[in-house]
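The lines below spell out each chain.
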Amino acid sequence: MGPLYQIFIDPFVQMGTAPDLFVQTLWEGMVGGMLYALIALGFVLIFKASGVFNFAQGIMVVFAALTLVGLYNIGVPAFLALGLTIAVMFGLAFAVERVVLRPLVNQPDIILFMATFGLTYFLIGAGEFVFGGDPKVMITEQLYLPKGAVTYKILGGIISVQKLDVAAAVIASVMVAGLAVFFSKTRIGRALRAVADSHAAALSVGISLEQIWVIVWFAAGLVALVTGIFWGARSDVSFALDVIALKALPVLILGGLTSIPGAIVGGLIIGIGEKMWEFYWGPLIGGGTDAWFAYVIALVFLLFKPQGLFGEKIIERV
Amino acid sequence: MRAPGGPEVAVGDVLLAVENVSLSFGGVKAVSDVSFDIRKGEIRAIIGPNGAGKTSMLNVINGFYHPQQGRITFKGEARARMRPHEAASGGIARTFQNVALFRGMTALDNIMAGRTLKMHRNFFWQMLRYGPAMREEVEHRRRAEEIIDFLKIQEIRRVPVGRLPYGLQKRVELGRALAMEPELLLLDEPMAGMNLEEKEDMSRFVLDANDYYGTTIALIEHDMGVVMDLSDRVVVLDHGIKIADGAPAEVKSNQAVIDAYLGVAH
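Sequences listed follow chains A and B, in order.
Here the numbering used here is used: position 77 in the first sequence is 77, and no number is missing along the way.
Whatever position you read off the second sequence (first residue = 1), add 318 for the numbering used here.
These aren't lab readings, by the way, just hints derived from the structure by calculation.
All C-beta atoms, glycine included, are put in the ideal place defined by N, C-alpha and C.
Be a bit skeptical, because a hint or two may be false.
[Claimed, not checked] Taking lysine to any residue pairs in the SDA-like style, the calculated list, with each CA pair at most 25 Å apart, reads:
hint : chain 1 : residue 1 : chain 2 : residue 2
1    : A       : K185      : B       : V456
2    : A       : K48       : B       : P478
3    : B       : K393      : A       : I111
4    : B       : K436      : A       : A180
5    : A       : K185      : B       : K393
6    : A       : K185      : B       : E464
7    : A       : K185      : B       : P478
8    : A       : K305      : B       : V456
9    : A       : K48       : A       : I111
10   : A       : K48       : B       : R421
11   : A       : K185      : B       : D427
12   : A       : K48       : B       : T424
[Claimed, not checked] Ranges between beta-carbon positions, derived for each pair:
hint : chain 1 : residue 1 : chain 2 : residue 2 : range
13   : B       : R460      : A       : Y121      : 48 to 58 Å
14   : A       : V13       : B       : G422      : 38 to 48 Å
15   : B       : Q386      : A       : K305      : 42 to 52 Å
The following block holds chain A by itself, in its conformation from the complex (with noise of 0.2 Å):
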């Protein structure tokens, strides 16, 4: 058998003779490709509303994780902590608007990026002083998430399903929907979609900035702590999660930047295809392919598709 029939024959014959692993992996890959997509929501949301390319989303993540955990184990009641949480995430919302972007409106983009950069280090120092940097153990018991697996038998074989992983799932999907409706029925929603189209038009209906940004912002900390709870149960809760911050980078090239149905396919593309990548095809060359298969698929991307499956296509006028 030639290296042809290896890498473009024999992966998709593996699929077709035990059905049950190719379906373990795709649920597998969705898994991990809707925190992606969470994460990735939560740069849409900031930047279709402020144009701001917030680098600090990743580190809001694990912040907020940090937070919840932290306060929990200094002796917080587990869903005081949550709400305490959420409010952090409020007070930060809010201090981000007066202190970073209030001051810097009418600023370059770039200008805004990198004061995302710096709000990114102080979030890591300000989460290691308060809570100490050795890694947590996220506390879903006492969040009454379940936990354990349950397994399935079918295509003759067997389907092992993690409750926490189907909880996310659910609780993923209504937070998106939850979102969905109140962008497009509510007069915020409406708001914030005009913020995204013209500032100028939104000032002159009266729309204020300074509250659309909070509430955006505030809206990225909610998807994030939902984020940060999940990705946290995976593994621990420490700030080596943030390179998973960095796979949403791919996830917004191939979703569009301003795309939310975007970001949730764009997020599912990129899990289910690196986990298909890593089990089928990683082996020939040794594996640890997740570390770098996304980014493959965010270049060939570039190449083809530069403004993403969703993303607005740039015309300008001449």
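Starting from the known structure of chain A, arrange chain B on it as the hints suggest.
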């Protein structure tokens, strides 16, 4: 509300007064020491050659720019600095020279966006879309539909405005401003780039808005015919300086104005 061809009648009290306003960007003086007023219920035109400072003046009035000198009194209240959304909640609406609509949203949503400030139910009720928040949404929807009828844009209300032709975009933009039920409506070249028929339609809407809703209107326009027909009083700017102020007929025969438009022989 001038009788056609008749003399200018004082329309009402002063709604907005601009006093000795100067605005410069670095070394460039956009507006220097300009004063004029806008009275309740009138249509006030601001005209002048390109670069005269007309749009800058409008931007000062609705708070986009803050003048270095002078002050603006609106509804008897003098103010030093105002943010645009505060101007909006105070009752000043505007349209833009280069249409600034929410391009991704439908015509209806754009007009509903104009009602943002009139909606008061909080966030939480809106999330639930329940009870009072729902009733409020329905009530505002009704007002939006009235404006859509008024501007005769029923067929396009579900169309994303980015796909509409320019003339209709201008009309939607006027609708969004009217939806705010403003006391003062600022129109920045509402007829720019329109053909004759579209201009006539737009003139009709401006006059009707002034008549039916009693909205005070300040407009910038280049088409002298339109200005003469629509406005009660005209202020003329040239290079940031006020060179004339008065009834259309007066302004038209003013030598300084003719010089500004046609150039002076040196």
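Quick rundown of the hints versus the structure:
no. : hint                        : verdict
1   : K185/A x V456/B             : 12 Å, holds
2   : K48/A x P478/B              : 18 Å, holds
3   : K393/B x I111/A             : 40 Å, violated
4   : K436/B x A180/A             : 23 Å, holds
5   : K185/A x K393/B             : 35 Å, violated
6   : K185/A x E464/B             : 20 Å, holds
7   : K185/A x P478/B             : 16 Å, holds
8   : K305/A x V456/B             : 42 Å, violated
9   : K48/A x I111/A              : 17 Å, holds
10  : K48/A x R421/B              : 14 Å, holds
11  : K185/A x D427/B             : 10 Å, holds
12  : K48/A x T424/B              : 18 Å, holds
13  : R460/B x Y121/A: 48 to 58 Å : 52 Å, holds
14  : V13/A x G422/B: 38 to 48 Å  : 46 Å, holds
15  : Q386/B x K305/A: 42 to 52 Å : 49 Å, holds
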